[in-house]
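Engineer: Chain residues, written in single-letter form:
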Amino acid sequence: MPVPILKQGDTLIASVVAALTDDDLVLLRDELAQKIGKVRAKSVVIDVTALDVLDSFATRTLRGIAYTARLRGAETVIVGIQPDVAFAMVQLGLTLEGVATALDLEEGLALLARRREHP
Amino acid sequence: MNTLRVAIEREADIVLARQAGRQLAQQLGFSTTDQTLIATAISEVARNIVVYANHGEILLSTADEEGRVGIQVVATDAGPGIDNKDLAMRDGYSTKNSLGLGLPGAKRLMDDFNLESEIGRGTTVTMKKWKR
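Keeping their order, the protein sequence lines are chains A and B.
Start counting the first sequence at 22; every next residue gets the next number (the numbering used here).
Start counting the second sequence at 25; every next residue gets the next number (the numbering used here).
Incorrect hints may have been included.
[As the list claims (entries may be wrong)] Sample of chain B residues lacking proximity to chain A, with all beta carbon distances greater than 12 Å (derived):
id: 1; residue: R34
id: 2; residue: R46
id: 3; residue: S55
id: 4; residue: T60
id: 5; residue: I62
id: 6; residue: E81
id: 7; residue: S122
id: 8; residue: L123
id: 9; residue: K131
id: 10; residue: D136
[Stated by the list, open to error] Partner residues are not named here, just some residues of chain A that face chain B (Cβ under 7 Å, in silico):
id: 11; residue: P25
id: 12; residue: Q29
id: 13; residue: D31
id: 14; residue: S36
id: 15; residue: D45
id: 16; residue: I102
The set of hints was computed from the structure by calculation and includes no laboratory data.
We put the beta carbon where it would ideally sit given N, CA and C, even for glycine.
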């Protein structure tokens with residue numbers, strides 16, 4: 022199921038609502054890269070609260086999305102990684118190196134707001 | 025013993041396999057944390073089937089040994105096989121430009137892990153997790 026992307030101010034918010042296939046993730050990456058330019062977004066929030074598994078492919082793709090967005094001039098925050106999912110990622114050996122994370126959407130937006138005030 | 029078979033023909037089947045695995049783990053009474061570890065391990069071995077062998081299958085069943093109850097996951101394919109099993113089990117090693125965490129990562133997520141592979145014949149990963 023494709024991931025809807027909403028715009029709030031200069032932030033793009035992608036809320037994952039169901040299990041993502043590899044194709045969905047790649048589509049999300051491409052759409053975000055396009056949309057950042059189209060709406061001149063400065064930041065991207067990806068909400069993965071609904072995901073019950075983040076495997077190595079999903080993690081690598083999320084990291085790729087964040088790096089791509091940065092090259093397009095926007096910062097990415099991944100929010101809502103569930104406790105069990107975080108534990109499984111650590112066991113697998115996965116990291117989201119260099120990518121900001123926050124507890125939930127609210128904290129993610131607050132993080133972006135702080136960064137804007139104190140870059 | 026009932027065995028649940030999930031055919032892995034395309035990448036969307038990876039999601040089906042891990043959802044079936046989580047469901048069985050839940051029925052067996054695994055904690056939600058363990059359900060997530062099992063589902064993640066299934067995701068990794070199922071993806072290996074798609075990436076390296078194109079198709080294969082995941083077999084899910086109840087494991088019962090010396091009074092212990094657990095879940096058994098068998099991922100099998102008739103793909104090209106693994107040339108060097110030691111390398112394949114090493115973190116960060118990949119011949120397909122992935123993170124190289126699939127097999128060693130799945131091993132860490134489960135309790136028992138066995139990799140059998142023969143060049144030109146295929147690969148079978150058998151892994152189990154026991155209820156605590």
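Engineer: Now tell me if each hint is right for this structure.
Structural biologist: Quick rundown of the hints versus the structure:
For R34(B), the requirement that its beta carbon stay farther than 12 Å from each beta carbon of chain A is not met, with the minimum near 9 Å. A beta-carbon of chain A is positioned within 12 Å of the beta-carbon of R46(B); the least distance is around 7 Å. The Cβ of S55(B) sits about 9 Å from the closest Cβ of chain A, inside the 12 Å cut-off, so the non-interface label is violated. Against chain A, the non-interface label of T60(B) is violated: not every CB pair exceeds 12 Å, the least being about 4 Å.
The beta carbon of I62(B) is not kept farther than 12 Å from every beta carbon of chain A, the shortest such distance being approximately 9 Å. No beta-carbon of chain A is positioned within 12 Å of the beta-carbon of E81(B); the least distance is around 18 Å. A cut-off of 12 Å between C-beta atoms contradicts the statement that S122(B) is not in contact with chain A; the least separation is 7 Å. Under the 12 Å C-beta cut-off, the non-interface status given to L123(B) relative to chain A is violated; the minimum distance is some 5 Å.
The Cβ of K131(B) sits about 10 Å from the closest Cβ of chain A, inside the 12 Å cut-off, so the non-interface label is violated. Every C-beta of chain A lies more than 12 Å from that of D136(B), the closest at about 15 Å, which supports listing it as non-interface. The criterion of a C-beta within 7 Å of any C-beta in chain B is not met by P25(A), whose closest approach is roughly 19 Å, and the hint is violated. At about 29 Å, the closest approach between the beta carbon of Q29(A) and any beta carbon in chain B exceeds 7 Å, and the interface hint on this residue is violated.
Hint status for D31(A): violated, given a least beta-carbon distance of 32 Å to chain B, over 7 Å. Against a cut-off of 7 Å between C-beta atoms, the interface hint on S36(A) is violated, since the closest Cβ of chain B lies about 18 Å away. Because the smallest distance between the Cβ of D45(A) and any Cβ of chain B comes to about 9 Å, over 7 Å, the interface hint for this residue is violated. About 11 Å separates the beta-carbon of I102(A) from the nearest beta-carbon of chain B, more than 7 Å, and the hint is not met.
The structure is inconsistent with the numbered hints 1, 2, 3, 4, 5, 7, 8, 9, 11, 12, 13, 14, 15 and 16, although it conforms to all the rest.
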